[in-house]
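Number of protein chains: 2
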Amino acid sequence: MRKYTHNNNELTLKNLNEEVCLKGWVSKRRNLGGLVFVDLRDRFGITQLVIKPDNPNYNDALTLKNEYVIEVKGKVVERESKNKELQTGDIEVVVSKLTILNVAEQPPIAVSYDDNSLEDTRLKYRYLDLRRPKQQHYLMRRSSITQTIRNYLISKGFYELDTPILGKSTPEGARDFLVPSRLYHGSYYALPQSPQIYKQLFMVAGFEKYFQIAKCFRDEDLRSDRQLEFTQVDIEASFVEEEDIRDLIEGLFVDLFKKEMNITLTRPFKKLTFKEAMDLYGSDKPDLRYGLTLKDPKTSLAFIPFLEDKVVRYIKVEGGANFTRRELDALTDEAKKNHGEGLAFLKYQEGKLTGSISKFFEDNDYIKEYELANDDLLLFVFGKDYLNVSNALGAVRRSVARSLDLVKDDEYAFLWVVDFPLFEYDEEEKRFVARHHPFTSPKHKDDLDGNLEEVLAKAYDIVLNGYEIGGGSIRIHNSTLQQKMFKALGLDKETVNQRFGFLIEALSYGTPPHGGIALGLDRIIMLMTHTANIKDVIAFPKTQSARDLMMNAPDKVDLVQEIELGLKKKEEK
Amino acid sequence: MRKYTHNNNELTLKNLNEEVCLKGWVSKRRNLGGLVFVDLRDRFGITQLVIKPDNPNYNDALTLKNEYVIEVKGKVVERESKNKELQTGDIEVVVSKLTILNVAEQPPIAVSYDDNSLEDTRLKYRYLDLRRPKQQHYLMRRSSITQTIRNYLISKGFYELDTPILGKSTPEGARDFLVPSRLYHGSYYALPQSPQIYKQLFMVAGFEKYFQIAKCFRDEDLRSDRQLEFTQVDIEASFVEEEDIRDLIEGLFVDLFKKEMNITLTRPFKKLTFKEAMDLYGSDKPDLRYGLTLKDPKTSLAFIPFLEDKVVRYIKVEGGANFTRRELDALTDEAKKNHGEGLAFLKYQEGKLTGSISKFFEDNDYIKEYELANDDLLLFVFGKDYLNVSNALGAVRRSVARSLDLVKDDEYAFLWVVDFPLFEYDEEEKRFVARHHPFTSPKHKDDLDGNLEEVLAKAYDIVLNGYEIGGGSIRIHNSTLQQKMFKALGLDKETVNQRFGFLIEALSYGTPPHGGIALGLDRIIMLMTHTANIKDVIAFPKTQSARDLMMNAPDKVDLVQEIELGLKKKEEK
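Keeping their order, the protein sequence lines are chains A and B. Position one of the first sequence corresponds to residue 9 (the working numbering), numbered consecutively onward. Position one of the second sequence corresponds to residue 9 (the working numbering), numbered consecutively onward.
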């Protein structure tokens with residue numbers, strides 16, 4: 009290690025005539041007029057090497073192929089034809105000694121530049137895929153972003169404490185991964201979906217300020233921004249209110265964006281209640297980088313026959329009148345997919361109103377309230393209730409923004425969404441379930457005595473550019489209130505005792521008020537590195553079908569392993 | 009959070025007459041001449057509060073019990089009777105406003121001082137056990153030690169990269185924990201015993217310097233210094249030789265002990281070959297804080313009939329002649345438990361030789377070579393081979409050191425043990441197995457062609473005070489050599505391909521020479537905090553019987569969960 013004098017992005021004209029020792033991978037070799045030129049690559053960059061015919065290792069140099077691992081000694085000289093795209097492009101190293109450290113077969117995917125192999129091939133040869141500078145960049149940024157977050161929290165008096173991976177299954181949530189116990193056949197450990205209960209117990213124990221970069225697990229079907237295992241920045245503090253956590257997290261992102269991207273974020277971040285977010289954007293995680301806010305017609309549209317008994321909301325799209333029939337059909341589909349009943353539209357071009365409902369505006373002044381300018385488009389979504397219509401129009405709004413290219417990649421719009429409902433009604437189970445989780449505190453301790461549908465939570469989500477990047481709440485710290493909460497969720501005493509008895513007991517021994525948040529680290533890194541694929545920011549990701557293609561996992565195991573776990577009997581051989 | 013002005017270890021005479029706001033737990037309450045005194049505790053320390061009868065919250069103060077959570081405002085005054093044992097012992101706070109944030113039932117274990125509850129009770133109420141200052145100290149030290157290690161490695165150009173928890177079972181090692189796959193019934197993920205293969209693949213991928221604070225898992229029966237899940241500082245680097253890794257790690261410990269304990273360690277650390285360690289100390293992880301080195305008699309003891317055909321080795325214990333018969337019997341047992349056949353002894357007191365073999369020295373000069381002083385004791389262990397006898401005498405050496413109290417708690421003796429055998433013969437499986445793991449490089453690449461028993465490994469362990477705190481090696485980076493290694497281990501081609509095919513292929517695409525080490529973080533923290541129980545340095549440990557007594561895990565799960573995983577069929581209801 010010590011013998012290598014420089015990395016491959018370091019040498020410049022300042023190093024002229026220095027004797028250096030370098031190592032790395034052959035990224036390219038070409039022969040030119042008897043000289044052998046090699047692009048030598050490491051994780052830092054590229055240095056050009058020249059091996060001349062009088063070099064004692066010249067014959068070795070002629071055998072070099074891409075991805076051979078070599079070590080060289082030589083002298084730095086000025087290049088004749090400089091390469092302005094390389095940091096080391098002004099120099100080259102005339103090799104005096106070449107050592108081949110390892111040879112390489114022809115790799116199945118190309119390493120040195122953007123590769124077009126199928127994703128499955130890239131995942132099978134992930135160790136080669138990760139050799140590509142772009143992929144290395146993602147993981148190095150991951151390392152650095154994680155450490156910056158960690159340092160910030162430590163500077164604020166937080167302790168990093170770790171919690172078990174082998175825990176208990178608490179099915180109030182997503183599906184657990186189970187680990188069969190060898191000593192207690194028929195019993196299982198569960199992998200944590202989050203360290204939620206453990207971090208609350210740290211507060212019971214008086215640690216006051218905890219964080220963890222925590223691996224979490226959900227056995228759910230995968231999407232492009234989800235993995236079986238994911239990482240969250242898990243934070244909890246005692247003696248805090250909602251604003252304290254939000255302050256802490258705003259400070260965290262200001263520090264992170266300054267240090268990692270040299271971007272100065274403005275505080276305080278915007279804040280919308282859940283109701284405002286739904287009313288204005290039709291989403292609980294709106295992208296604020298563009299307008300297109302949702303509106304209610306001032307004059308009821310009940311005069312239009314098929315809208316008579318409908319809720320109708322609209323957005324005005326400036327310059328949207330050029331949308332084609334096909335594009336408008338796609339928007340209609342989008343509305344319907346998101347619980348809207350349909351979409352109507354009006355175009356205003358050269359003084360003329362056209363569109364699916366234009367005829368209803370011919371004999372009245374109702375159009376005036378829309379203050380139309382040339383080329384404006386009005387998109388009306390209708391349906392039977394306000395929340396569903398808003399939601400559908402929110403989806404239409406996002407499609408429109410993408411079509412019109414309103415989304416700027418280098419802009420970062422942070423937003424807090426607060427005052428969430430504590431419950432939502434589960435049609436399938438015919439009961440109220442916790443919108444966040446059953447440990448979230450209601451706004452007021454007596455709220456659970458009233459109409460559950462109206463109870464608001466001390467909960468907050470942090471949203472960046474339309475993605476929820478974190479969510480948290482102030483927790484219930486009162487044992488009686490926690491029991492009341494479980495009752496409101498329709499859990500009977502026995503179930504509560506079996507699953508959460510220890511927590512209810514713990515709360516009774518002097519638990520401080522506390523709350524926290526969990527940030528989705530993978531997603532934050534995605535947004536900061538401008539990739540849309542979560543696999544890019546994870547070293548060894550699983551496919552959508554939950555497989556590790558490189559190692560071939562999951563896989564069959566030896567029968568004896570299954571017998572030891574009581575999953576199979578000996579005679580099943 | 010912001011409203012609290014001080015922690016409970018901060019206020020001194022410098023703060024006299026300041027208005028402060030504090031929070032914490034009632035550690036003790038006593039009434040004295042109408043005044044209520046409260047010891048207020050948080051994770052930092054204790055502050056004494058006084059509530060006077062004219063306080064509007066005086067009646068609340070009378071209800072305070074241990075572990076109530078309160079918040080107070082008040083003024084700092086000088087104490088009449090100072091408490092020199094407290095950092096805040098010169099002052100007290102005269103409370104103007106008292107708010108009870110939460111009440112507390114009588115806790116089942118005592119919180120404020122050393123508690124004598126059974127370990128099982130303490131683990132069941134771990135959240136209360138962790139409220140005890142001593143226990144909090146362990147975990148805060150853990151947090152700080154971990155971060156110091158991390159910062160050191162980052163300063164040396166290492167990237168922290170994380171590897172999957174859901175991986176593949178590779179039974180060449182300890183027993184794996186398995187996770188049944190929901191999508192592929194009968195297939196399993198495995199929890200990693202270490203990130204060994206992943207970290208080598210990072211080297212293949214060109215990351216050059218990797219580390220991770222990694223959770224690892226072994227489904228083995230527990231001992232007092234072992235847990236089902238444990239944490240290792242996992243390190244790997246490319247283009248390195250053995251010395252490079254040792255240099256790095258010595259630097260790490262020098263930095264760690266300076267920053268965390270203000271102890272200056274001397275470099276380089278001592279180094280012994282495996283053979284030297286066995287010869288001198290009868291252990292591959294000897295404690296160097298005391299002498300008692302193992303010796304061979306210069307004159308053969310074959311003249312003693314029952315030692316005629318035995319290997320005999322001894323230690324001289326200065327002042328050991330006072331050992332009782334009972335103590336000597338215990339040492340004999342120790343020798344026999346550790347593959348020795350027996351123990352003989354000689355005592356020298358007041359010019360007289362006594363002991364089990366003293367009569368054989370009466371008519372000769374053989375005793376001279378031992379250069380005995382008054383009160384010396386010679387302990388001879390015998391058996392049939394050198395390694396077993398050394399091992400047994402090594403165990404006797406440790407017992408003697410404990411008996412004579414030779415071990416100093418505040419001394420830190422680091423040691424490298426190197427030149428380990430690459431293989432060891434497994435009597436049960438009738439084949440050679442890898443002493444470390446099958447990726448360890450032999451000293452020379454042609455070694456595998458010779459006698460396997462004699463092959464040495466490029467492997468090194470780091471030992472502190474008789475504990476192995478880390479181990480590592482230079483790895484095989486040549487695909488052909490790796491195949492040869494698997495063959496030497498008796499694995500057939502098919503098995504190798506199924507389990508390690510991807511690795512052998514990976515090595516063929518230009519893998520740099522690389523090596524690394526894994527440090528046992530839990531054990532390092534144990535040694536640095538002077539506790540002998542590994543559970544002390546883990547937030548939520550499992551019992552010896554692999555249970556979480558607090559959460560009651562492992563536990564039964566809903567049948568539907570087992571059905572989804574294909575572990576039970578519907579009709580099994």
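These aren't lab readings, by the way, just hints derived from the structure by calculation. Just so it is clear, the structure is predicted and the values come from calculations on it, not from any experiment. Among the hints, erroneous ones may be present.
[Stated by the list, open to error] To give a feel for the contact side, a few chain B residues facing chain A, derived at Cβ under 8 angstroms:
1) 70
2) 151
3) 153
4) 181
5) 182
6) 186
7) 519
8) 575
[Stated by the list, open to error] Over the 12 angstroms line for every Cβ pair with chain B, so calculated as not near, a few chain A residues:
9) 230
10) 341
11) 432
12) 452
13) 474
14) 539
Beta carbons: idealized from backbone N, C-alpha and C, even for Gly.
In ascending order, which of the hints set out earlier in this document are inconsistent with the structure? Result: hints 1, 3, 4, 5 and 9 break, sorted rising.
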